[in-house]
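Using the hints provided, position chain B relative to the given structure of chain A.
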Amino acid sequence: MSDNPAFADIKTKIDANPVMLFMKGTPQFPQCGFSAAVVQMLDYLGVDYGTENVLASDELRQNIKDFSNWPTVPQLYVKGEFVGGSDIVREMFENGELRTFFENKGVPVAA
Amino acid sequence: MSVAQTIRQKLIIAFKPSRIEVRDESHLHAGHAGARPEGESHFRILVVSQEFEGLTRVHRHRRVYDALKEEFDGPVHALAMNTLAPGELGDTDETRDAE
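Residue numbers (my numbering), protein chains in the order written: chain A, 1 to 111; chain B, 112 to 210.
Okay, chain A solo, but in the shape it has when bound:
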């Protein structure tokens, strides 16, 4: 992590949202299948989450990759911790780990 001033904005969003998803498009209109899949899994578990559309800003699109040292989007953060991209979230969802992870982090999930 460097002194890129844009990183402060990203950090603010991650701090403000216990579950924060950087994605392509919006939850209502995802513009990428991988982003859509993560939205579906979060909705299935019924967690509240914030999102940021990286397609709305070329700068953000690049900065989030540098910030996370992760070259692809979507990217999921929970309580400030980088969880991963769609493959990791899917793997955790499919083996039940994701629900437990949210519970352990104190993030309310639907019953």
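Please keep in mind that the hints were generated in silico from the structure rather than gathered at the bench.
Please note that the accuracy of each hint is not assured.
[Said to hold, decoys possible] Below 20 Å or equal to it, Euclidean Cα-Cα: the simulated SDA-like pairs (lysine to any residue) are:
1) A:LYS65 x A:PRO30
2) B:LYS121 x A:TRP70
3) B:LYS121 x A:PRO71
[Unchecked claim] Here chain B is said to cover these stretches of chain A; the calculated rule only asks that three of the stretch's residues, wherever they fall, bring their Cβ under 8 Å from a Cβ of chain B:
4) 70-77
5) 81-90
For glycine and all other residues, C-beta sits at the position ideal for the given N, C-alpha and C.
Below, chain B without anything else, positioned relative to chain A:
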């Protein structure tokens, strides 16, 4: 050499995998953002390697991204990956379904 062949070669050098599969799935994403008309943009890989032993998923994926940095700076738009240590093989549908 195709992009898939380059990816395979780099992964073999980086991870000395006991099992590796690289599939070009660009045709499934034709017309999407990031898909190139000429294809070779979306890939799916399975890598089974001792190198992943004891690493978190995030760490494993970062190692793969590092190994394929030039490809990500170039034609590759998306890479779906399954990274396993040898003892984990057979834990997923993906490995059972793989040819």
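Verification of the hints:
no.: 1; hint: A:LYS65 x A:PRO30; result: holds (19 Å)
no.: 2; hint: B:LYS121 x A:TRP70; result: holds (19 Å)
no.: 3; hint: B:LYS121 x A:PRO71; result: holds (17 Å)
no.: 4; hint: 70-77; result: holds (count 3)
no.: 5; hint: 81-90; result: holds (count 7)
No hint from the list above goes unmet by this structure.
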